[in-house]
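S.K.: Please assemble the complex out of the two chains, which come individually in their own frames, going by the hints.
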Amino acid sequence: MIKKRAIVINSKDNVATALDDLKAGQVIQEEVDSLKKNIKLNQDIPFGHKFSLKEIPSASPVIKYGEVIGTASELIKVGDYVHVHNLKSNRGRGDIK
Amino acid sequence: MSFLGFPRPDGQVGIRNHIAIISTVICANDVTLKIAQQVEGAVAFLHDQGCCQTPIDLNQVTKTLVNLGKNPNLAGVLLVSLGCESVLVEEIRERIAASGKPVKTLSIQQIGGMLPAVAEGSRITQEMVIKASTIRRETFDDSHLIIGVKCGASDTTSGLISNPAAGAAFDLLYDHGGTCVFGETTEFLGAEHILMRRAATPQVKKKIGEIVTRMEQRAKMMGVDMRGGQPTTGNIKGGLTTIEEKSLGAIVKGGTKSIQGVYEYGDKVTKKGLYIVDSPGREPEFLTGIAAAGVQIIIFSTGIGAPQGFPFVPVLKITGNPKTEKYLPDHIDKFIKLPEEGENTIAQAGEEIYQEIKAIASGKKTKAEVLGYGQFSNIFTVGPVI
Chain A
332 MIKKRAIVIN SKDNVATALD DLKAGQVIQE EVDSLKKNIK LNQDIPFGHK
382 FSLKEIPSAS PVIKYGEVIG TASELIKVGD YVHVHNLKSN RGRGDIK
Chain B
3 MSFLGFPRPD GQVGIRNHIA IISTVICAND VTLKIAQQVE GAVAFLHDQG
53 CCQTPIDLNQ VTKTLVNLGK NPNLAGVLLV SLGCESVLVE EIRERIAASG
103 KPVKTLSIQQ IGGMLPAVAE GSRITQEMVI KASTIRRETF DDSHLIIGVK
153 CGASDTTSGL ISNPAAGAAF DLLYDHGGTC VFGETTEFLG AEHILMRRAA
203 TPQVKKKIGE IVTRMEQRAK MMGVDMRGGQ PTTGNIKGGL TTIEEKSLGA
253 IVKGGTKSIQ GVYEYGDKVT KKGLYIVDSP GREPEFLTGI AAAGVQIIIF
303 STGIGAPQGF PFVPVLKITG NPKTEKYLPD HIDKFIKLPE EGENTIAQAG
353 EEIYQEIKAI ASGKKTKAEV LGYGQFSNIF TVGPVI
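Chains as they are written, first to last, in our numbering: chain A, 332 to 428; chain B, 3 to 388.
Check the hints yourself; a few may be wrong.
[As the list claims (entries may be wrong)] Pairs of lysine-lysine, DSBU-like flavour, derived with a Cα cap of 30 Å:
| # | chain 1 | residue 1 | chain 2 | residue 2 |
| --- | --- | --- | --- | --- |
| 1 | B | LYS239 | A | LYS385 |
| 2 | A | LYS368 | B | LYS339 |
| 3 | A | LYS343 | B | LYS328 |
| 4 | A | LYS343 | B | LYS208 |
Hints were generated in silico from the structure; no laboratory data involved.
Isolated chain B, as found in the complex (with noise of 0.2 Å):
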């Protein structure tokens, strides 16, 4: 079983060859995205975040910025500073660049502001794309897949047909090596001794419960119910009553298998097997913890019907409900019917998403892919803005 990816200098296999702009600042924002529309074949990476934040938040945002960079799909990167933020820009470089790949760096204030900023940088985008497009794919074993899964717009149907689907796709994986990763720490309250008992050793148990606890805890910080935030508002329309109704749909797109380690958000995933990445649900922040683990695919499950993707990991789309699939064509790549009596449609979905995913891997387009659905993504972060 195989698929054909990019092999990267650390060992790393790639399944898209984009060169990234990744802004370190919010103030870089702009300038990141005018150089990724100039030059084909380089995709910006946009967030809010990079200054006057605590050094709690400014770590998080380094590491996830780093482990973004490192991420198989790219192929270079290219960082768009302001030049006065708190985040230490030649540190990300020196970072990323010990993967093996070209990383360049390029200051707004340095330069001389945005004009000569554009300029320059889309001419040493140019550069890398061109080296870039002469890397070929090669074969390579299903063990070198890492793919993450994400449920969005969540419905009844979602933890009926999709999510297990997705699960089913997962446990297929890891039976092949390969690697796992899911996450939505918020949507593991009132399923977490389900996932605790899956838990390969006591210290991932241990941890598991302490994740749930520290996210539960910033939500009642606030003094209120947090439904409505938790489950949404479309959940709710969708037919989900409670927050533990929605886990206990929601853990089901991480497969039955064992469960082998649990990593703080922005981490990087380096072993083989099925592991959480601690992150909260909503899309922006959750896709680019999950981009930074340095998945390659994610599948996304949704109820009501998700538009998302990620600028540089492409995101198979599927969903249980008839009617999203009939009124959203234009997001749903795969449409998963619920069984009839006697029916095991799940088993034979789970086959159908792993080959779709090697499908992907070896250069078939997802939806959001081709229509660029997923400029606005951010970090995640714990503390105030200051």
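Chain A on its own, in the form it takes in the complex (with noise of 0.2 Å):
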């Protein structure tokens, strides 16, 4: 069996989970809107951490579990990786009035 090396929770999701660290340039194979795509690692993915199956305009929804988990604070690319630099949450923010 070969070993997952990310995983879509969701078929909603627009961001995967990395099973493995993954490389910078590293070719990933993800089903997409029931298409298989190769998405291309734009940097290095930690183990446990995210990266981008679609383009996400700034001020989006990022979808995981098929869920939204905040907003994006930058355009995030295809293979971006996603985290605290370019995803913001939208609760529990006492700094928004």
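M.R.: Dropping the structure here:
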């Protein structure tokens, strides 16, 4: 059996989770909108961290588990590392009036 | 389906037979700890509360101490008091004693200081331990199990594997007529709509919404983005970016069954089924709250590796992170492998966790229990120290 290198939890998701320490330039095959797509990683993705399956415009929702996990704070391209630098929480934001 | 437990006078079933030395106020912690260290079979419950707080918190501390004392894993209780604290020690004693178990009190100021308090407390506890040692385990069916769940030092594997596996074990216990308790309200933020859909009644649905709003308001009152506090720095290191993401992975540890009710922190859960206890995510306060709810065992799902246990409630530590399993073998009781394509390891892991719970209930010890990791507990309060 081939070890899975990433997991997409729900078909609505626009991010995948790395199941290994993945390197920039590596190509990961995932099903996106019912089509097998090759996604070339733009940065290193550590085990358990996320990368984008689709282009996500700034201020658009990031989806994992088929649910909104926050909002993109800048344009996220296919294969980009998605974490605190480009994904903001919508909840517990005492800094936003 | 049955396990071997200790019968209690009020009909509850313990899975351990400890005598607890419970400090009623932070100032009594030192004496409490010394007595527990002196007497084999005794465990200490220490905390930072009990005085110089608003009445709301004093009531919460009182209620929590009462319900900790009533936990079925305790055969008897010694309350160690300084003597001038705000919580009412005699009231706590009376309310625990209503369960039929022996409860004694000791005041450091009244008895003449630390040395006589440690001596007298040790004598009282020695007697209690000897009496408790004559209680024999009996067979009880699984509906007498009351189990809690917690996730701590979570990473991405928590939401992918160890939390769903814990949830699968909860579903099995629910089907066997037992009681399942979860909480960590902060980690409902962004996932509360899923829990609300599972509420047994409109009242329960409304209450879930209310406790989430209340917890979020407390965080927002500080005027900052709570990220870094929740999700924690460790969560972020583990790949969790936002509280919503953490919550969506966290709530699955409560299984998939209908939620029958919501209890306040420090309340005792008295009915069968699946319940929420309103509580924060941090270990010392959460584990205390769920022990007060009356759970006998806590399933503790971890990603990066949280070592904590609790003085008188065994913690079954599980992880889905292969690195944590490798580097923290002294703390992990059970490793759950990430499923390969087409495998259903979650259902299988749920069954294995359920069997492990029953083994622990009948006397098998867990790693945190053997190491005594879990001396530093606390009680959740909402107001200032004044």
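S.K.: Go through the numbered hints given earlier and state which of them the structure violates, listing their numbers in rising order.
M.R.: Hint 3 is the one this structure does not satisfy, whereas the remaining hints hold.
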